[in-house]
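So the protein sequences, as listed, match chains A and B.
So for the first sequence, numbering that gives the first Met the number 0 puts the first residue at 0; every next one is plus one.
So for the second sequence, numbering that gives the first Met the number 0 puts the first residue at 0; every next one is plus one.
Treat the hints with caution; some may be incorrect.
[What the hints assert, rightly or not] Straight-line alpha carbon distances no greater than 20 angstroms define the calculated SDA-like cross-link-like pairs of lysine to any residue that follow: (1) A:K115 to B:P177; (2) A:K263 to B:K19; (3) B:K115 to A:E135; (4) B:K263 to A:K2; (5) B:K19 to A:Y132; (6) B:K263 to A:W71; (7) B:K115 to A:Q1; (8) A:K19 to B:K2; (9) A:K2 to B:K115; (10) B:K2 to A:Q1; (11) B:K40 to A:A256; (12) B:K19 to A:D131; (13) A:K2 to A:A256; (14) A:K263 to B:W71; (15) A:K263 to B:G99; (16) B:K115 to A:A56; (17) B:K115 to A:I54; (18) A:K19 to B:D131; (19) A:K2 to B:G99.
[As the list claims (entries may be wrong)] Some residues of chain B that are not near chain A, with every Cβ distance over 12 angstroms (derived): (20) D66; (21) T126; (22) V233; (23) L253.
Since the hints were derived computationally from the structure, they do not count as laboratory data.
Glycine residues also receive a C-beta, built at the ideal position from the N, C-alpha and C atoms.
Single-letter residue listing:
Number of protein chains: 2
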Amino acid sequence: MQKVAILGIGQTHIGEQWEKSLREIGGEAGLAAMHDAGVEKVDALYVGNMLSPLIDAQNQLGAYFADWIGLWHKEAVKVEAACGSGAAALRAGIMAVAAGEAESALVIGVEKMTDKAGHDVTAALATAADADYEVEQGVSFVGLNALIMKRYMHEYGWKHADFASFSINAHANAMSNPFARLHERISTERFEKSAMIATPINLLDASPIGDGAAAAVIVPAEKVTSLPGRPRIVIAASASATDTIAVHSRRDPLFLAAAYESAKRCYNMAGVTPDDLDVFELHDAFSIMSALSLEACGFAERGQGVRLGLDSAIAPGGRIPICTRGGLKARGHPVGATGMYQVVELVQQLRGECGDTQVAGAAIGMAQNIGGSGSTVVTHILKAE
Amino acid sequence: MQKVAILGIGQTHIGEQWEKSLREIGGEAGLAAMHDAGVEKVDALYVGNMLSPLIDAQNQLGAYFADWIGLWHKEAVKVEAACGSGAAALRAGIMAVAAGEAESALVIGVEKMTDKAGHDVTAALATAADADYEVEQGVSFVGLNALIMKRYMHEYGWKHADFASFSINAHANAMSNPFARLHERISTERFEKSAMIATPINLLDASPIGDGAAAAVIVPAEKVTSLPGRPRIVIAASASATDTIAVHSRRDPLFLAAAYESAKRCYNMAGVTPDDLDVFELHDAFSIMSALSLEACGFAERGQGVRLGLDSAIAPGGRIPICTRGGLKARGHPVGATGMYQVVELVQQLRGECGDTQVAGAAIGMAQNIGGSGSTVVTHILKAE
């Protein structure tokens, strides 16, 4: 496969952007990425989005954004894999460039989901689960994660407070990220006193939704000869894997098999091991997911992911810094956009643009985007050259 | 780009399949394609679908079908481009195979849309149009096509009856297609007496929706050395283009610019002209779309597409046979599946499996799938070798 590089990145603030339309939010990120890349046109557009048919009454986001951005007559399409849509769109773009079908591509992850009230959004998010065998039984998406977390605590003997470090780290890191939804440090005490949502998941175990978009321009790596003052960022590996759509169909609901598979393929492709990674933007939709991702990707033994948080290994100066710009927990989780936020933030780390949460000498990093309860997992490894 | 071949095809009957779930319908077509291809596994799955979040409360169809079919841990993703979703998913699969990311891929176009009542489906289909600037004004998707048809009749002086041949040809061709929704010959008289939906579009100008799925297995062409009793079917060209999402934004609403662009790219890629094509499976969602597609793809001058119908050029023995298995009009239009039905039917023509509507000596054909009012157009040229 032809090597692909990320030439430019863009992102919007995450929050309740009621004053902006869906097209304005996605367009803002897309145009910012093109500006950052120094290009006025691209050959193709790939849009990652999950909820626009349900919340914005809008389908066909490929043509929709190509029109708005001014990419008339270009190829454009939407890719959907629930909360894994962002990275899935990036992967579609990578394949187009790698196949020689596009000399350049813009990838936008976008979601505008706060215009509707709580119940509607909860129902819309539940479309990531199995409509017939999970949702029909009354379990929400948070509920499914709560069942997984409860089982994990029972199986490995962890207390709820042991998960606090994941949220504390994410909130601390978001303080210096101007695009983050939450700018608020939290403590273990506050974590423990936070309102319960679905036992044992409380408000500070869960990531907040939001309106936002993140984007990147990708090109064949050979076309990027030099960039003044910036390293060349190449996609060293890209892989996607799936697991059963329903959690109860899994032999072991505490093992993210698709995360394991896609990370393994990426390690092989990039020729690296977990030890070689300087930073890992993981999918902390709920604190339990941080633990399970760290385990599936080889950073901890089964049932020991929580220990990395307790040992401060996940902080910007630790062994494997995660959520360095706030993660889903504090940067926010505009679902179909999240995968692109992770990649954009990883590029910022590799460029050395992360200020207070910059990982010193970051040269290689991984981003992992999860759809459903681990049903679709898309992993990328980026390198600064 | 590495040449890709279609190794196997599968499809379900189109109709009101209330006794089958979404997963059973898509699974049936997918497994039929794998059986036809003689394979038990594929590397990746691409699903084309438009309405499942809105009608079936189910997202993440990649993982959903990979799970059901037994493609555990494989890559799987959904692609959406309104009614152009089916062919857009095929194109995503082609790029994965062409880029060397998959040695084989299954592509399924699927839609289950008759479980909900009329108003819900009309609203769901309207998500293909511009939510802010078209649908918000009260115009439905049929309404947009009616405006286009009315303008066309005014501009070029055609009467409503002049469009009859498109529907008559489609209904006649569907008679020998066991998968078709409608098995009913129609006459010009009946066409003219049919109930009005949105002037000038009446019931027999419009394609019926339905539940259905069509699928194909694709592999690198070089891997297909010989198939007993069958020609090798290669994808000679694949291209996608977009136009404005709203019809009113176009300089000329009677010209399908994205159809023109994607067909032009395909002609160049395959090294052919319209004269070389033996069959053309076009997107006759409404009879006006047949005329506009024929014009955009170079088979008729502007405003003269209707004449091809009047001259019987579109029948199986004519100059450019269209809708040879019934088209959207009579085979049926399960929106996200339609693009794959077109491709599957084209393969049937190139294999010589079409019985009464077989185009004699068909060796090269084109399929064109349209999303929205011409906003996304995906075109493929297939060749029998």
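We went through each hint and held it up to the structure:
1. A C-alpha spacing of about 44 angstroms is found between A:K115 and B:P177, which places the hinted pair above 20 angstroms, so the restraint is violated.
2. Taking the CA atoms of A:K263 and B:K19, the gap is about 37 angstroms. The hint is violated against a cut of 20 angstroms.
3. Proximity of B:K115 to A:E135 is assessed by CA-CA distance (about 17 angstroms); at most 20 angstroms being required, the pair is judged to hold.
4. For the hint pairing B:K263 with A:K2, the CA-to-CA distance comes to about 29 angstroms; that exceeds 20 angstroms, so the pair is violated.
5. This hinted pair checks out: B:K19 and A:Y132 have alpha carbons roughly 15 angstroms apart, not beyond 20 angstroms.
6. This hinted pair checks out: B:K263 and A:W71 have alpha carbons roughly 15 angstroms apart, not beyond 20 angstroms.
7. Distance hint between B:K115 and A:Q1 is unfulfilled; the C-alpha atoms sit about 45 angstroms from each other, more than 20 angstroms.
8. With a C-alpha separation of about 44 angstroms, the suggested pairing of A:K19 with B:K2 is violated against the 20 angstroms cut-off.
9. Between A:K2 and B:K115, the direct Cα distance comes to roughly 46 angstroms. Violation of the 20 angstroms bound is thereby established for this hinted pair.
10. Between B:K2 and A:Q1 the alpha-carbon distance is near 16 angstroms, which keeps this suggested pair within the 20 angstroms criterion.
11. This hinted pair checks out: B:K40 and A:A256 have alpha carbons roughly 19 angstroms apart, not beyond 20 angstroms.
12. Proximity of B:K19 to A:D131 is assessed by CA-CA distance (about 12 angstroms); at most 20 angstroms being required, the pair is judged to hold.
13. Among the hinted pairs, A:K2 with A:A256 is inconsistent with the structure: their alpha-carbon atoms are about 27 angstroms apart, more than 20 angstroms.
14. At roughly 15 angstroms between alpha-carbon atoms, A:K263 and B:W71 fall within 20 angstroms of each other, so this suggested pair holds.
15. Taking the CA atoms of A:K263 and B:G99, the gap is near 18 angstroms; set against the 20 angstroms cutoff, the hint holds.
16. Restraint check: the Cα-Cα separation between B:K115 and A:A56 comes to about 17 angstroms, which is no more than 20 angstroms; the hinted pair holds.
17. At most 20 angstroms may separate the alpha-carbon atoms for a hinted pair to count; B:K115 and A:I54 meet this at roughly 18 angstroms.
18. Taken as a hint, the A:K19 and B:D131 pair is honoured in the structure, with Cα atoms around 12 angstroms apart against an allowance of 20 angstroms.
19. Distance hint between A:K2 and B:G99 is fulfilled; the C-alpha atoms sit about 12 angstroms from each other, no more than 20 angstroms.
20. For B:D66, the condition that its CB be more than 12 angstroms from all CB atoms of chain A is violated, with the nearest at approximately 5 angstroms.
21. At the 12 angstroms boundary, the C-beta of B:T126 falls inside the reach of chain A, the nearest C-beta of that chain being 4 angstroms off.
22. Every CB of chain A lies more than 12 angstroms from the CB of B:V233, the least distance being 16 angstroms, so the non-interface label holds.
23. For B:L253, the condition that its CB be more than 12 angstroms from all CB atoms of chain A holds, with the nearest at approximately 17 angstroms.
Checked against the numbered hints listed earlier, the structure breaks hints 1, 2, 4, 7, 8, 9, 13, 20, 21; every other hint is satisfied.
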